[in-house]
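Asks: Starting from the structure of chain Y, add chain Z where the hints point.
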Amino acid sequence: MNWFVLAFVAWITFGLELALGPVLDSGSSGVHPSMIIPLMAFVALYAPRKQALWAAILLGIIIDLLAPMARADGGSVVIVGPHALGYLLGAHFILAIRGMLIRRNPLTLVIISIASSFIAQVVVIALITLRNMGTSPLIWDAGDQLVERSFSSLSTGISALVLSVIFFALAPTFGFHSSVPTRFARTIR
Amino acid sequence: MQHQPLIVRWSMPIAIVLLFVLSLAPIRMLSWTDWFSDQVQVVILPIAGPIEFVVDFVVPPEISNPLATQREKVIADELDIVRTQLLQTRQENHRLNTLIEQFTRGAAIMPDLDVRQAQRPRSSNLIGDLLVIRTGKIEGLTQGTVVVVDAIQLLGKVTRVNDRVSMVRPITASSAQPILATILLESSGKNQLRCLLTPVGDGTLIGEVARPTTNETWQVRIDQEVRLLDDQWPQHAQMLMIGNIERIENNESQPLRQRIIVRPTVADLRRVSDVILRLPALDQTDGGDS
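Protein sequences, first through last, are from chains Y and Z. Under our numbering, the first residue of the first sequence is numbered 1, with each subsequent residue one higher. Under our numbering, the first residue of the second sequence is numbered 1001, with each subsequent residue one higher.
Just to be clear, a hint being listed does not mean it is correct.
[Claimed, not checked] For each label pair, taking beta carbons as the anchor points, the in silico distance ranges come out as:
{"#": "1", "chain 1": "Z", "residue 1": "VAL1074", "chain 2": "Y", "residue 2": "TRP11", "range": "24 to 30 Å"}
{"#": "2", "chain 1": "Z", "residue 1": "PHE1020", "chain 2": "Y", "residue 2": "ILE97", "range": "21 to 27 Å"}
{"#": "3", "chain 1": "Y", "residue 1": "GLY175", "chain 2": "Z", "residue 2": "ARG1071", "range": "55 to 61 Å"}
{"#": "4", "chain 1": "Z", "residue 1": "ASP1223", "chain 2": "Y", "residue 2": "ILE12", "range": "29 to 35 Å"}
{"#": "5", "chain 1": "Y", "residue 1": "ILE111", "chain 2": "Z", "residue 2": "GLU1186", "range": "31 to 37 Å"}
{"#": "6", "chain 1": "Y", "residue 1": "LEU146", "chain 2": "Z", "residue 2": "ILE1081", "range": "41 to 47 Å"}
{"#": "7", "chain 1": "Z", "residue 1": "ASP1223", "chain 2": "Y", "residue 2": "ALA171", "range": "50 to 56 Å"}
{"#": "8", "chain 1": "Y", "residue 1": "ALA72", "chain 2": "Z", "residue 2": "ASN1097", "range": "29 to 35 Å"}
{"#": "9", "chain 1": "Z", "residue 1": "ARG1009", "chain 2": "Y", "residue 2": "ILE158", "range": "25 to 31 Å"}
{"#": "10", "chain 1": "Y", "residue 1": "THR135", "chain 2": "Z", "residue 2": "GLU1186", "range": "42 to 48 Å"}
{"#": "11", "chain 1": "Y", "residue 1": "ILE12", "chain 2": "Z", "residue 2": "PRO1013", "range": "27 to 33 Å"}
{"#": "12", "chain 1": "Y", "residue 1": "ILE111", "chain 2": "Z", "residue 2": "PRO1026", "range": "37 to 43 Å"}
{"#": "13", "chain 1": "Y", "residue 1": "TRP11", "chain 2": "Z", "residue 2": "PRO1061", "range": "21 to 27 Å"}
No lab work stands behind these hints: they were computed from the structure. All residues carry an ideal CB built from backbone N, CA and C; glycine is no exception.
So here's chain Z without its partners, still in its complex pose:
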């Protein structure tokens, strides 16, 4: 009979028990696993990069409008940026009006915010829709940093940050949290309807439209813009583009509430080549960043 050292004979049962305990251990006791995850990524991502390059060459990711010329794209981007600034200004006006009202009642003062933007390449993807971005704490990223693509298209939030890499969960990921949004009924953004959008898991978001009025002129239509308006997100992220209405469905259980399906302007948020990080220029501790 073959005799093995005790440790060798018991190594498998010990490993199984250890893995079982780790599987059920409370989250606060698992922070050390991040270090091992980082090391595995350092080893695996270098081979994933070249393969992704080949895959992107063979199956190119879809772009918003493949027929547009470079100049048209630049002008369209500028237009989008100006419109976003206009909407943000209006939102800011509304916020300031509310703030003045709060001042008069002695409410707390919210400091104004300034944002700097930094473009960084997407390095790879992890299993489960997470995007790996090649920057981290070294550039001031924190959990909750807002990430956009194409200047104004909201991509998601940073969910984990290491020194040199960070992970972003797209708003369309099935594990992403629901977001409050506003539908612009016309391009000026004068009339808006609110909705709570939940990721479906097929690259779109679905939500019911809350109607504050029975005014028949307030019609929800396909291709209308849907933008972020959610207190859980930082102030500077408000009015960023979530997408356009792709489909409208009638809710059988609630006939007065329409259900909209929204698709981001970028076909697949998980396959963008570059992202833009919106970093606060000043230290801030507003909604969603804690």
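In isolation and in its complexed conformation, chain Y is listed as follows:
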């Protein structure tokens, strides 16, 4: 996999994530599609296993660094880890099932983006809820977050559908060279 191409595409995608967030999240409800999850899913769909997992970790770390959390005392704190681990598990899920998927179908990217986003968000909620037990220094309501992030995961399907057109067109530039053993057909190269 060409890491420079991934870095450049990720840079643009993060720009889209930050710029479109307030527009797509009408009324500050917290529900908005993710642009990064489809990229992570796309990489996990095509790239060699180890590179896909590292890419997921790196994308997750950047999300962690760009999303400071509100503290009860009015400040904010950057917690590195929850999204990185969430994205890692989401990528692992895709790697586990990608042999059974029709990879060139945009709907595949839509479905796995929704599923991996949901997995990632559950991990994020679990980790932050766990760390917030006892002293509760963060403003955090696990129930509200679960609702918000579940709907965000569903709406990520829309962004995945749009981005799939771009990602599939750019696929040759990524330089993916992995052979994925398929369950019912010949090995895909």
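Replies: Relative to chain Y, chain Z alone:
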């Protein structure tokens, strides 16, 4: 069998353990992550800016009154400023009266405050409703600095400050803290009702109205102004505009307490192009700035 160096083989498990530990580490041990966050913002925000420009061009942010002419807007702004000053003066009078009473009892003296204002552009947004403003410690910003828009519309407080950028959490963000406010029952502001407003998460704030009297003439109505009156905020921020009452609901569990929904005068506080920072001219350590 392929042999890899030990560090390569163990890099993934080590990274996972490290991330897990960092996820659960106490907040006091995470201050170093701010530096990395700043560097990532330096890299990402330059591309977010042009995209936001295009997005704002395609989907322009709503303004308070799109039909008003430039002159009408200037006059309306001036009127708002004068009214705010009037209300602040009244509040100050009340505070001074209380202070005189406290002086006579030997209470502590609160120093008077002076504020300078600085207009700065919104640079971008971060994930989770935070606004990034292009100024920081270099201009004297601190955590808790009050940020307004359109001269008197309260936007929020600075939650994090770096040397050249700072992050502001709007009062309407779902993670923002509740604020104490006062409803002006008529434009003179003679009669007021208190309420505690909590952000709903859809750009509005909701709160129950506390009634000090059963006087029927004290009616809460749609479009009445709601202003800040909260000791947790600095003195100079008192009586800034929170918004207008958009809806009134009856509270089924407490029929005598009405529930109001307040919407700021700016349609979406997260998409303003410029903000005004209210910086104390003198060093101050009053409520909310610690």
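Asks: Are the hints correct? Go through all of them and say.
Replies: These are the hints, each one checked on the structure:
no.: 1; hint: VAL1074/Z / TRP11/Y: 24 to 30 Å; result: violated, 41 Å
no.: 2; hint: PHE1020/Z / ILE97/Y: 21 to 27 Å; result: holds, 24 Å
no.: 3; hint: GLY175/Y / ARG1071/Z: 55 to 61 Å; result: holds, 60 Å
no.: 4; hint: ASP1223/Z / ILE12/Y: 29 to 35 Å; result: violated, 44 Å
no.: 5; hint: ILE111/Y / GLU1186/Z: 31 to 37 Å; result: violated, 58 Å
no.: 6; hint: LEU146/Y / ILE1081/Z: 41 to 47 Å; result: holds, 44 Å
no.: 7; hint: ASP1223/Z / ALA171/Y: 50 to 56 Å; result: holds, 55 Å
no.: 8; hint: ALA72/Y / ASN1097/Z: 29 to 35 Å; result: holds, 34 Å
no.: 9; hint: ARG1009/Z / ILE158/Y: 25 to 31 Å; result: violated, 40 Å
no.: 10; hint: THR135/Y / GLU1186/Z: 42 to 48 Å; result: holds, 45 Å
no.: 11; hint: ILE12/Y / PRO1013/Z: 27 to 33 Å; result: holds, 32 Å
no.: 12; hint: ILE111/Y / PRO1026/Z: 37 to 43 Å; result: holds, 39 Å
no.: 13; hint: TRP11/Y / PRO1061/Z: 21 to 27 Å; result: holds, 25 Å
Hints 1, 4, 5, 9 from the earlier list are contradicted by this structure; the remaining hints agree with it.
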